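Could you build all of it, start to finish, from the sequences and the hints given here?
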Amino acid sequence: MDSFIPQRPQVDYLEGIRSYDDVPAGSVRAKAPYIDNGTDLIDPRRYRDPAEAVREWDKLWTKVWNLAGIASDIPNRGDWFKYDLGKESFLIVRGDDDQIRAFYNVCPHRGNQMVRTDFGTANECFSCAFHGWKFGKDGSLLSVKEPETFRREVLDGAPGLTEVRCDVWGGIVFINMDDDAGPLLDFLSVIPDHLAAYRLENYRVVDDVEYIYDANWKTSLDAFVEFYHADQIHPELGQAMETYYCQYDLYPRGVSRMILPLGNTPDKVEDRDTPNEVQETMIRQWEGDPEEWKHLRGADYKQAMVQVKRRLAERAGWTHCDDLDDDQMVDDLNYLIFPNVTTNTYSDVNYLQIFRPHPTDPMKCIWRSITLVPPAKHEGFRPLELASLGQGNTIDAADKDLSVRPPTRRVTDPADTGFVLEQDALLVPGVQRGIESRAFKGYRLSEQEIRIRHYLAEVDRYLAR
Amino acid sequence: MTGQDARSHEGAPSPGGYVAVCLEGDIRNGQQQRFAVAGRDILLVGAGGRVFALANRCPHMAKPLEGGRVTGMSFTCPVHAAQFDLETGRSIGFPKTGPLQRFDVRIENGRIFVGIERNGPD
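In order, the protein sequence lines correspond to chains Y and A. My numbering numbers the first residue of the first sequence as 1 and each following residue consecutively. My numbering numbers the first residue of the second sequence as 466 and each following residue consecutively.
Don't read these hints as lab results, they were simulated from the structure. Remember, it's a predicted structure, so these values are computed and weren't measured experimentally. Hints should not be assumed to be uniformly reliable.
To be verified - Mimicking DSSO-like on lysine-lysine, the simulated pairs with C-alpha atoms at most 30 Å apart in a straight line are:
#, chain 1, residue 1, chain 2, residue 2
1, A, Lys528, Y, Lys145
2, A, Lys561, Y, Lys441
3, Y, Lys87, Y, Lys134
4, Y, Lys134, A, Lys561
Right, dumping it as structure tokens:
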């Protein structure tokens, strides 16, 4: 029972753990008021009952705003991308009026999917590759091949592509299948305000990876909204990233946040005097020289990272950094965009993870990570591979000027997701297997894991529980 | 670029079959430009720090490729979204069709030469 003896003072759950002692009132980094979602076990049937997936499709996925892609991936008129969600597929296109619209990726003639590839450009129109029906970039039906062979009433109403709601925030494109849903900005709760200073609309995609997890989408997501697991699963990160004084904040509409302070050697590490290899690797990744910071204790090393990143921002021309305080320059702000997207937002990278239900198997999910960075004006900039944070990896973008959209890499080896992400990818399927055991009665959650309880409460509101 | 006339380069090919077409800096990553080269309709495409010379004719339904999309090292036709691997010319996915006709490219002294009698590298 020794493990039940706290090594630290009991946490007052109403106060929670705070990442900062000195946050000014009104700061976006301030601790949010507690939202009490109770202490019940989390019913494991949520994660293993196929009927739950049917309920979620009918009442959740078809009602919420879904992250479909990135606006800068379709910079020119006629550019489009495809977005798949469950059994549906969507075509998102920038029209001749520069507006971004979304349509079901379905030809109204015989149901063929209009596009099968991830990205493209339509010069004049979309032309179905099955029978050649043509549609404008606004979805309208332009022409039917050999129309004289149709009885007139079959073509009544000139059926075009079916439009779905589409909106953009922070350079991110969302779609919603529900005509009665509220506006996107309301749905995103505090996030647009909290992340405004990062000017995420300027970030560009440098990597895009998909991998199939053998786990329900919620089992997978749950491993990315808490850092309680970090000491066991990501021991390397714990040399330079806080794993205890992480701040967990809950907001309306299922949205939540955790702040992961970066830079100082955490107090769980034995040697807090000497800067460690992970810290020095990070300094090098941000184009700094660890020799310059040898005089600092590991426990005080964050100031080195702040200085190095400020210099990098100056060279790169990242003017948004002028509006970020020192903690924002370095720390990881992880938001949950309800229901299935996490951000790891930094001053130099935004790492989006999207957890989509598998179209046919509720015990699998499609994990996708999109890495975006602000374009740098100086030569030699190599974007940090956040999926391998602390390992010295950079993204070898084929096009350093970010002018060509990298392809979506669909990988089958978890090692190809990145050093840190592989650790998660190997973890999660075993959690799913355990959840499916008759022995498992349900999650028993700490106050470090309250984001799970919070978004599930919002899921329940959609499912009318 | 769509709808504009191709820039003409009707000069006789060198003995090696290579025709100087434009300056290296004219074709940056993600960009494309159409040229008439010794009677052929050629589309130069920049991708991955390299330049590819394609016959401006999709093997799917013979429509012009000009205006299509470069993603990574692939090119997607602007008409029916047939996709091709620029490095091999191979058709990827749907609609499935034959390979792109490509031509060898050499860059010398900052100029791009297209080998109109030579297929691109496999």
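Do the hints match the structure? See the list:
Restraint check: the Cα-Cα separation between A/Lys528 and Y/Lys145 comes to about 16 Å, which is no more than 30 Å; the hinted pair holds. Between A/Lys561 and Y/Lys441 the CA atoms are separated by roughly 50 Å; this puts the pair beyond 30 Å, and the hint is violated. At most 30 Å may separate the alpha-carbon atoms for a hinted pair to count; Y/Lys87 and Y/Lys134 meet this at roughly 24 Å. The suggested pairing of Y/Lys134 with A/Lys561 holds, with an alpha-carbon distance near 19 Å, which does not exceed 30 Å.
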